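My request is simple: use the sequences and hints to build the entire structure.
Going down the list, the sequences are from chains A and B.
Going by this note's numbering, the first residue of the first sequence is number 1221, and it counts up by one from there.
Going by this note's numbering, the first residue of the second sequence is number 1221, and it counts up by one from there.
Keep in mind the hints are simulated off the structure, nothing from the lab.
Some clues are possibly wrong.
Just so you know, same-sequence chains aren't split out, so a pair can sit in one copy or run between any two.
[As the list claims (entries may be wrong)] Derived lysine to any residue pairs resembling SDA-like cross-links, with alpha carbons at most 25 angstroms apart: (1) Lys1345 to Ala1235; (2) Lys1345 to Gly1250; (3) Lys1345 to Trp1315.
What you are looking at is a predicted structure, and each value in this text was computed from that prediction instead of being measured.
2 protein chains.
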Amino acid sequence: MTHRPPLAITCFAGAEAGEWRVDSNTPVVGAGLARVAHVAVGGADGVWTLNGTASHLRYTTAPERLALRARQEGLGRPGSTRAALIPIRKSEDWWAMAQDERRAIYDAGRHLPIGLDYLPGIARKLYHSRDLGEDFDFLTWFEFAPDQEAAFDQMLERLRACAEWAFVDREIDIRLTRS
Amino acid sequence: MTHRPPLAITCFAGAEAGEWRVDSNTPVVGAGLARVAHVAVGGADGVWTLNGTASHLRYTTAPERLALRARQEGLGRPGSTRAALIPIRKSEDWWAMAQDERRAIYDAGRHLPIGLDYLPGIARKLYHSRDLGEDFDFLTWFEFAPDQEAAFDQMLERLRACAEWAFVDREIDIRLTRS
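See the structure below:
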């Protein structure tokens, strides 16, 4: 049996310097985050810091994972000079539901098939923040080439129209360019 | 929509003083934890500290939750002078599975019905540690009256015989008396 090392917590620091330059910082639902010039992934200090853990799959089934793996590409592609950091918090009502109730809403919203439509153009990674006692529940991170930005906007529009998004009580859309 | 406060992280500190006196400290699978005289729940310093978040339900369905709620009682009952702190880590193989694969093994092991058999005698609370970058994935906490200890041992024996326990790669059984 493999000895499993502890998971790493990733910090996104909004600061005066960092790998990613902030193009826009837009509150979508609830309070925004202070304006900053850059976001440093793996930073430590900043005007604000958001922490999350790239953890295990919470809803995805084995067949869904196969479909994702067949199409998705990783972060760090040279052409992916644009990124989006979208921290999200869901309401108490969402978290009070049992697993099957949350999964039913997730399914009804076609969350996963919508994401599949934009692979491999939009690469994504999900960080979990809720158990860390953070204000956000998730930090969603996306990377794509500049010509994918319109597709990315369309994907967000479709996701935000899902029933699941009625439970989002804070969301901020931070767009970035690799500096 | 209710503004949701961040979750609280609970610290279990193995130390020279604390509300709970250690009666035994037994490694079940993998490395043990250093011997300590007491465990302070909500402590901060100690020979060792284990952190976890009482978070949302990960597998439990709505009908299962109803069955649990109908029978379970809370922590802190005056007669519950005994407790057990059982930190558990599951292997890489467990976490590499998709949600439906993990749930199928959880179901096959009858994990939830076994727990139901010991309600309301054995009160329990689950803390999640994995996303915090802790060495353990879960801190399981149980409280019961002294005359329930044999039933508690039987419950553990039945749980440890489940297929799910083949994925446990570290487990320590710490028994406590309220001091």
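Unsatisfied constraints (hint numbers, rising): none
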